[in-house]
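Protein chains: 2
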Amino acid sequence: MSSKISKEGIASARKREVRKLLKDLGLRIYSDINEGVFPEINFPSRSVRNIVYDERLKQYILGKTSVRRSTHNIKHIRPFTQLIWLAFFVKKLIEQGKTSTLRDVFYSAQAYDMEFMDQSESDEIITDLEALLSKAREDFNVYPEERSAIFGDLTIEYTVPGYEGKRLNLASHPDGYLIGPSLSTADFIDTSAEMVLAVEKGGLFTRFVEEKVHNRYKALIIDTAGQPPRSTRYMLRRLNQELGLSVYILTDGDVYGEHIAMVIISGSANAAHLRELTVPSGKWIGVWGSDIKKYKLPSDPLTDMDIKRIYELKKDPRYKGGIWQRELDFFLKIRKKSELEAFAKYGLTTISDKYLPEKLEIAKSL
Amino acid sequence: MSSKISKEGIASARKREVRKLLKDLGLRIYSDINEGVFPEINFPSRSVRNIVYDERLKQYILGKTSVRRSTHNIKHIRPFTQLIWLAFFVKKLIEQGKTSTLRDVFYSAQAYDMEFMDQSESDEIITDLEALLSKAREDFNVYPEERSAIFGDLTIEYTVPGYEGKRLNLASHPDGYLIGPSLSTADFIDTSAEMVLAVEKGGLFTRFVEEKVHNRYKALIIDTAGQPPRSTRYMLRRLNQELGLSVYILTDGDVYGEHIAMVIISGSANAAHLRELTVPSGKWIGVWGSDIKKYKLPSDPLTDMDIKRIYELKKDPRYKGGIWQRELDFFLKIRKKSELEAFAKYGLTTISDKYLPEKLEIAKSL
Chain V
13 MSSKISKEGI ASARKREVRK LLKDLGLRIY SDINEGVFPE INFPSRSVRN IVYDERLKQY
73 ILGKTSVRRS THNIKHIRPF TQLIWLAFFV KKLIEQGKTS TLRDVFYSAQ AYDMEFMDQS
133 ESDEIITDLE ALLSKAREDF NVYPEERSAI FGDLTIEYTV PGYEGKRLNL ASHPDGYLIG
193 PSLSTADFID TSAEMVLAVE KGGLFTRFVE EKVHNRYKAL IIDTAGQPPR STRYMLRRLN
253 QELGLSVYIL TDGDVYGEHI AMVIISGSAN AAHLRELTVP SGKWIGVWGS DIKKYKLPSD
313 PLTDMDIKRI YELKKDPRYK GGIWQRELDF FLKIRKKSEL EAFAKYGLTT ISDKYLPEKL
373 EIAKSL
Chain H
13 MSSKISKEGI ASARKREVRK LLKDLGLRIY SDINEGVFPE INFPSRSVRN IVYDERLKQY
73 ILGKTSVRRS THNIKHIRPF TQLIWLAFFV KKLIEQGKTS TLRDVFYSAQ AYDMEFMDQS
133 ESDEIITDLE ALLSKAREDF NVYPEERSAI FGDLTIEYTV PGYEGKRLNL ASHPDGYLIG
193 PSLSTADFID TSAEMVLAVE KGGLFTRFVE EKVHNRYKAL IIDTAGQPPR STRYMLRRLN
253 QELGLSVYIL TDGDVYGEHI AMVIISGSAN AAHLRELTVP SGKWIGVWGS DIKKYKLPSD
313 PLTDMDIKRI YELKKDPRYK GGIWQRELDF FLKIRKKSEL EAFAKYGLTT ISDKYLPEKL
373 EIAKSL
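Protein chains in written order, with my numbering: chain V, 13 to 378; chain H, 13 to 378.
Since the hints were made in silico from the structure, they are not lab data.
Among these hints, one or two may not hold up.
Just so you know, same-sequence chains aren't split out, so a pair can sit in one copy or run between any two.
[Said to hold, decoys possible] In silico PhoX-like cross-links for lysine-lysine, where the CA-CA straight-line distance does not exceed 25 Å:
hint : residue 1 : residue 2
1    : 110       : 295
2    : 295       : 366
3    : 306       : 147
4    : 357       : 110
5    : 110       : 371
6    : 103       : 295
7    : 230       : 110
8    : 357       : 103
9    : 357       : 332
10   : 27        : 110
11   : 295       : 345
12   : 366       : 110
13   : 76        : 103
14   : 332       : 295
15   : 327       : 308
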């Protein structure tokens, strides 16, 4: 154990910041009303035309266009009111130490006679609030339904009600710990890990735990369970930023696996208004198209849908150059894909004993 | 803490039993060969005609028809060899303390030049071995990829390598513990719980933890994450049989939710060859069709697919009588369905403070 001590209290400080942002928003509206001014709010537009690719950040960001919602304009009153109600609702969530899902928010609105046509309308307003505060919805206690998992030597300290100050080491349950609200908001206390291995599949997660990959490579292991939920992307970023851990991503050898890695590293266009869901220094270490050939992996032919998806991504600016474009081309050339499990042809531990160390070595020069 | 002490070592004893079954199978074949007899094996047929509904057990079981695989018959040599290879492979898994997925088994076969056309052929042989040994594949260390989660006051003791004898209390991480190989094979040591609440959704799982449902109702909480993986059904059965806990199931108020509850309680036709994945005394406590009306829940209209599925299940013998048929009919009558989150219309805690205790009371007379 021990070696790296995180700045204690980062998660708690973050919570206080979000509460203050919400409170300030309310105070500003009250003050406008007191002064006889129609309250209004401004936030960056998320329209397709305002989503631009930033070459330096290597991610999608929002441009300069902003949206104004003024209570002076009768057409704006509905979305304005919805947004202010949402700010009120999540402030209450935070104060009571409760969390909620997107779906819960939609139904909760009905308790206040706040009208949303359907969940897509309430989801939209939640994203507006994210853009307004520049905070992810997880910061205001709205969490996804799906959960992925983590395992390894990391001691955390909870900040959620009833568990404040309690500590837990994430190597104590070998099946893994769910990454939910309590873990997302916990402070990191201590770790001996030097890297994070994010893997796409539960089977490989278990294999790595069984093969003691966490000890042999001083790694935390995360099962993203396919495309990771946002709270897991946020956790990956925290591990990278707060603890300085390198993040390596291992996926199936196909276009969908490559895209899972890309979204962890560079984020998505949908979340162009947020900066806290990316790991720009993350590395996709495989399974590459070229690994299928190099390691003589059992493979399946690409389907028409695979090929269509490859051509789509080839046009995406995030995929310009580097291994990204090269491996898309390689998949196209060999017309094959392989799963992580394909290594089992050479024994269940080939992936941990041979492939992983070779790819970690190659990753140094990426 | 404390109150119920489980018979310690049940999980370990079970492991020894499976190893013995596998060893005996091998010995029998060796002995046949030594005596100049063509080895053969017999196990219950899983053909549709041999799957019958048992009124007393209230589940599908296999009839009297059996399958014979004799090495004397050239057509049988392929599946016979595949099955014996599988028995060899899983015995090695168990001895080395490793686990595997269905997919891993398919690829691992290639390491031994054991031919399977595709994964469906290897899956089939795995099910043959289940039928032959009357044990679930989890007993021979083949686990599903998906994981669900558990939370509450239950102290377990691991039996997996590296963790033998270590204990953990499952109330220490409020986001929940994954139910994987280590938890499935752990011995139950101590609990203050009197019931298990199995819920269909991660959001409600978190809500229940936040509302301290585990303390207020002395409950373990399980997130089945939709239709539960088999290892979770097996865990539910163990909690019921070994600790005597009542199992209550809470799902969305629709035909798919009702079927999740049914499969936990009565099992599926696919697993008619197994007895260890059911909880015959389990109760489905909602959301019933009649609750939609009684609790004035926000609802959505049934789709054509919902209606088709209801008519299918109405013909299923498991749905004859009781609340099962009654609630199918109620869904049809009102042509509506509601999700668990719909209770949020009346406040986020209505489901834990009002609905849950009322339904637990009603469950006593079910």
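Here is how each hint holds up against the structure:
1. 110 - 295: neither (35 Å within a copy, 28 Å between copies)
2. 295 - 366: This pair counts as within: shortest intra-copy Cα distance 18 Å, inter-copy 49 Å.
3. 306 - 147: Answer is neither; intra-copy 43 Å and inter-copy 40 Å both fail.
4. 357 - 110: Answer is between: at 16 Å across copies they meet the 25 Å cutoff, but 47 Å inside does not.
5. 110 - 371: between (42 Å within a copy, 24 Å between copies)
6. 103 - 295: neither (37 Å within a copy, 37 Å between copies)
7. 230 - 110: between (35 Å within a copy, 21 Å between copies)
8. 357 - 103: between (53 Å within a copy, 18 Å between copies)
9. 357 - 332: Result: close neither inside a copy nor across copies, 33 Å intra and 47 Å inter.
10. 27 - 110: within (13 Å within a copy, 41 Å between copies)
11. 295 - 345: Within one copy, since 23 Å is at most 25 Å while 55 Å is not.
12. 366 - 110: Between. Shortest inter-copy distance 18 Å satisfies the 25 Å Cα cut-off; intra-copy 45 Å does not.
13. 76 - 103: Intra 28 Å, inter 63 Å, cutoff 25 Å: neither.
14. 332 - 295: Within one copy, since 16 Å is at most 25 Å while 55 Å is not.
15. 327 - 308: This pair counts as neither: shortest intra-copy Cα distance 29 Å, inter-copy 50 Å.
The earlier numbered hints that this structure contradicts are 1, 3, 6, 9, 13 and 15.
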